[in-house]
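Asker: The residues making up each chain are set out below.
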Amino acid sequence: MSIATTVHGEHPAEHYPGGLLRWLTTTNHKDIGTMYLLFSLVMFFVGGLMILLVRAELFQPGLQLMKPEFFNQLIGVHALVMIFAALMPAATGFANWMIPLMIGAPDMALPRLNNWGFWLLPPAATLLTLPFVLALFGVGDGAIATGWTFYAPLSVQGGLGVDFAILAVHILGISSIMGSINIIVTIFNMRAPGMTMMKLPLFAWGWLITAFLLIATLPVLAGAVTMLLTDRHFGTHFFDAAGGGDPILFQHLFWFFGHPEVYILLLPVWGLMPHVLATFSRKPTYGYTAQVYGFIAIGLLSVIVWAHHFFTVGMPVPALIYFMFSTMAISVPLAVLFFCWIATMWKGSMTFETPMLFAVGFIVLFGIAGLTGLVLADVAADAQYHHSYFVVAHFHYALFAGGIMGVMTGVYYWLPKWTGHMYSERLGKLHFWLTVVSFNLTFIPQFFLGLAGMPRRIPDYALQFAEFNAISTVGAFILGISQLLFAWNIWSCVRGGPKAEARAWEGAEGLEWELSSPPPHHSWETQPVVK
Amino acid sequence: MEQARPAPLDHSRLIRRLLVLLAAAFAFAFALVPLYNVLCDATGFNGRTGNGRSGFGVGGLAGSNVPAPRVDTGRRVRVEFTGTVMPGLPWDMRPLTVDLDIHPGELQQVSYLVRNTSNRPVTGQAVPSVTPGQAAQHFEKIECFCFEQQTLGPGEAREMPLAFIVKPEVDRDITHITLSYAFFSIEGQRQTLTRGDTD
Numbered sequence: 151m152s153i154a155t156t157v158h159g160e161h162p163a164e165h166y167p168g169g170l171l172r173w174l175t176t177t178n179h180k181d182i183g184t185m186y187l188l189f190s191l192v193m194f195f196v197g198g199l200m201i202l203l204v205r206a207e208l209f210q211p212g213l214q215l216m217k218p219e220f221f222n223q224l225i226g227v228h229a230l231v232m233i234f235a236a237l238m239p240a241a242t243g244f245a246n247w248m249i250p251l252m253i254g255a256p257d258m259a260l261p262r263l264n265n266w267g268f269w270l271l272p273p274a275a276t277l278l279t280l281p282f283v284l285a286l287f288g289v290g291d292g293a294i295a296t297g298w299t300f301y302a303p304l305s306v307q308g309g310l311g312v313d314f315a316i317l318a319v320h321i322l323g324i325s326s327i328m329g330s331i332n333i334i335v336t337i338f339n340m341r342a343p344g345m346t347m348m349k350l351p352l353f354a355w356g357w358l359i360t361a362f363l364l365i366a367t368l369p370v371l372a373g374a375v376t377m378l379l380t381d382r383h384f385g386t387h388f389f390d391a392a393g394g395g396d397p398i399l400f401q402h403l404f405w406f407f408g409h410p411e412v413y414i415l416l417l418p419v420w421g422l423m424p425h426v427l428a429t430f431s432r433k434p435t436y437g438y439t440a441q442v443y444g445f446i447a448i449g450l451l452s453v454i455v456w457a458h459h460f461f462t463v464g465m466p467v468p469a470l471i472y473f474m475f476s477t478m479a480i481s482v483p484l485a486v487l488f489f490c491w492i493a494t495m496w497k498g499s500m501t502f503e504t505p506m507l508f509a510v511g512f513i514v515l516f517g518i519a520g521l522t523g524l525v526l527a528d529v530a531a532d533a534q535y536h537h538s539y540f541v542v543a544h545f546h547y548a549l550f551a552g553g554i555m556g557v558m559t560g561v562y563y564w565l566p567k568w569t570g571h572m573y574s575e576r577l578g579k580l581h582f583w584l585t586v587v588s589f590n591l592t593f594i595p596q597f598f599l600g601l602a603g604m605p606r607r608i609p610d611y612a613l614q615f616a617e618f619n620a621i622s623t624v625g626a627f628i629l630g631i632s633q634l635l636f637a638w639n640i641w642s643c644v645r646g647g648p649k650a651e652a653r654a655w656e657g658a659e660g661l662e663w664e665l666s667s668p669p670p671h672h673s674w675e676t677q678p679v680v681k
Numbered sequence: 388m389e390q391a392r393p394a395p396l397d398h399s400r401l402i403r404r405l406l407v408l409l410a411a412a413f414a415f416a417f418a419l420v421p422l423y424n425v426l427c428d429a430t431g432f433n434g435r436t437g438n439g440r441s442g443f444g445v446g447g448l449a450g451s452n453v454p455a456p457r458v459d460t461g462r463r464v465r466v467e468f469t470g471t472v473m474p475g476l477p478w479d480m481r482p483l484t485v486d487l488d489i490h491p492g493e494l495q496q497v498s499y500l501v502r503n504t505s506n507r508p509v510t511g512q513a514v515p516s517v518t519p520g521q522a523a524q525h526f527e528k529i530e531c532f533c534f535e536q537q538t539l540g541p542g543e544a545r546e547m548p549l550a551f552i553v554k555p556e557v558d559r560d561i562t563h564i565t566l567s568y569a570f571f572s573i574e575g576q577r578q579t580l581t582r583g584d585t586d
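Each protein sequence line maps, in turn, to chains A and B.
So for the first sequence, this note's numbering puts the first residue at 151; every next one is plus one.
So for the second sequence, this note's numbering puts the first residue at 388; every next one is plus one.
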């Protein structure tokens with residue numbers, strides 16, 4: 151097999167088709183990165199809108215706005231959209247834009263594959279959400295209503311929304327795998343002369359581990375949903391107890407992918423944090439080597455802890471104890487990362503521009519995610535917290551505060567590099583404070599609700615939960631509406647603003663800041679030499 | 388622009404290796420299906436009951452391996468019985484004994500009352516599960532209506548017997564065991580039920 155490599159040397163001037171055709175056919179890593187990021191932003195609002203409907207329903211006890219079936223569809227599709235169509239494409243967009251700039255490569259290694267990887271996403275997102283529209287016209291009974299986890303036997307019995315979601319997950323998976331292969335090949339083969347693996351920027355390291363995790367675990371999810379599909383339509387009994395199968399097997403297969411998926415979403419963010427912290431502390435990154443080994447350790451541990459997601463299905467005690475301790479062991483390398491991040495800031499000349507605010511907010515809130523995760527990893531305590539709102543609050547601290555606020559950190563940090571303009575610092579700071587306050591307003595009450603025993607994924611609740619749910623809904627709406635500031639700030643930054651210098655931030659280090667802002671359409675045609 | 392650019396790299400070797408990893412991961416998902424069955428039989432993971440054979444022990448009696456009685460009169464275990472009729476089977480079932488205090492090692496017999504509520508003959512298959520999982524491998528069914536498919540005529544009710552031993556090796560921490568049956572309809576092509584049961 152031979153894969154065509156970049157042909158940019160043949161184009162001395164910027165030379166590409168204009169209009170829509172440019173975006174359909176582009177193989178340029180910056181164009182594709184931009185498309186990934188815009189797609190992610192759009193889907194962030196789509197997924198957000200779904201969950202605001204859910205929060206509106208939960209504002210008061212009783213059923214006011216929707217039927218339980220529709221509620222079930224909203225929560226599952228919200229999660230699938232946010233994970234597969236918002237967070238993962240955002241991280242891939244970062245990788246496309248920044249990895250070639252950071253490692254001194256002229257483009258990604260496999261530009262055509264890159265284009266294909268992006269253009270699979272819109273059809274997949276359409277497949278995921280189309281059943282909502284079809285139901286309006288009386289076709290089928292709406293989108294997948296099993297929650298994002300597809301648990302059998304519910305998913306075996308579900309309506310056509312499940313089939314749509316299975317196919318969407320297949321396509322999203324293929325797209326992610328292609329992106330991962332591209333990133334690994336780029337990092338291994340296209341680094342500038344002199345850039346050894348231990349001089350690789352931490353963002354690239356984080357993505358490298360993510361890419362390997364994706365290749366090792368996404369096929370397992372693809373296999374599991376394929377079995378689900380054949381169970382539904384072709385008479386197999388992988389998950390059908392009546393046919394000698396086992397529904398619990400599905401949970402093992404799903405979480406064998408699902409737990410590494412958490413780190414797949416977070417490792418790119420952990421990789422970019424040290425860059426931001428070092429820049430605004432005006433100090434070199436503390437503990438580069440420790441962080442690299444921390445990433446690797448977390449990547450390895452993440453594939454052997456999956457069963458802590460279903461401690462309550464009935465496992466032998468030795469298995470429970472194994473999964474409990476292996477899960478808790480992840481906190482060791484994670485603590486190493488936290489201490490490195492804090493030590494990077496220690497005694498630095500810190501300033502608090504928007505990216506730094508988001509980075510510090512990330513450290514505090516993601517720390518809460520980690521600590522509440524330790525509670526859930528405790529087998530004895532988990533029997534109480536399992537499937538409660540405590541879990542919901544915990545993973546939103548991990549994936550909103552850890553994932554999405556991490557992505558926002560990166561967006562504010564690199565926006566001047568991408569657009570050549572500075573965004574509005576005043577709006578950015580307002581966005582940060584509104585986000586962080588309303589986020590906590592939304593999710594702190596959910597910890598209490600969970601401790602008090604409110605189950606997740608239920609559209610109605612007992613009267614004693616009313617106050618906390620009302621507070622949570624108010625918080626969620628402020629959180630949702632303040633994200634419009636984010637979109638507006640990005641939009642006005644793209645349109646214009648104060649000119650950004652090549653080194654947009656005073657303390658920024660790295661190859662990407664050697665190029666002009668915005669970088670030329672073809673960059674690093676002559677590779678820099680790293681000493 | 389004719390600068391000293393390195394010759395275009397050949398990425399195909401690395402890509403091939405990554406594709407092998409990809410294929411291995413996909414194959415691993417399907418390999419997990421038999422591996423999981425082996426694991427369940429070995430550990431009682433997931434409530435599979437031990438009766439000397441793999442799988443659910445469907446079909447035929449396991450009469451030849453009745454263990455010598457070795458009763459542990461030093462302690463008692465409460466065994467609770469429950470059952471569910473799955474959608475698609477027009478039956479109802481209830482245990483005639485709801486719970487039973489036994490000494491580990493004692494041979495016990497209980498039965499379920501199962502009734503066909505429709506006006507046509509229907510065949511069903513019961514699938515057992517034992518909770519907690521670590522007791523499952525020490526829960527030995529000597530005779531069980533779940534060993535075979537059961538056919539009930541229109542409106543017929545039948546007592547379905549079950550003989551079992553909780554082996555004395557069962558963990559001392561275990562004081563309660565629940566035996567639960569799910570009765571499934573056999574209409575259609577549920578032939579895989581009898582796999583591996585030629586004895």
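No lab work stands behind these hints, which were simulated from the structure alone.
Fair warning: there could be bad hints in the mix.
A few chain B residues that don't get close to chain A, going by computed Cβ distances all over 10 angstroms [unchecked claim]: (1) 487; (2) 502; (3) 527; (4) 555.
Quick look at which bits of chain B chain A covers, simulated, 3 or more residues with Cβ under 8 angstroms [stated by the list, open to error]: (5) 402-409; (6) 494-500; (7) 528-538.
Here a beta-carbon is modelled for each residue, glycine too, at the ideal position from N, C-alpha and C.
Asker: Checking C-beta pairs, does the stretch 494-500 of chain B have three or more residues closer than 8 angstroms to chain A?
Answerer: violated (count 0)
Asker: Under 8 angstroms between beta-carbons, do enough residues of the stretch 528-538 of chain B, three at least, approach chain A for the coverage claim to hold?
Answerer: violated (count 0)
Asker: Is the Cβ of residue 487 of chain B farther than 10 angstroms from every Cβ of chain A?
Answerer: At roughly 21 angstroms from the nearest Cβ of chain A, residue 487 of chain B sits farther out than 10 angstroms, so the non-interface label holds.
Asker: Does residue 555 of chain B clear chain A by more than 10 angstroms, comparing its Cβ with all Cβ atoms of that chain?
Answerer: Holds, since 19 angstroms exceeds 10 angstroms.
Asker: Any Cβ of chain A at or closer than 10 angstroms to residue 502 of chain B, or is the non-interface label fine?
Answerer: Holds, since 20 angstroms exceeds 10 angstroms.
Asker: Beyond 10 angstroms from every Cβ of chain A: is that where the Cβ of residue 527 of chain B lies?
Answerer: holds, 18 angstroms
Asker: Taking 8 angstroms as the Cβ threshold, is the statement that the stretch 402-409 of chain B is covered by chain A upheld or broken by the three-residue rule?
Answerer: Since 6 is at least three, the answer is holds.
Checked against the numbered hints given earlier, this structure breaks hints 6, 7; the rest are met.
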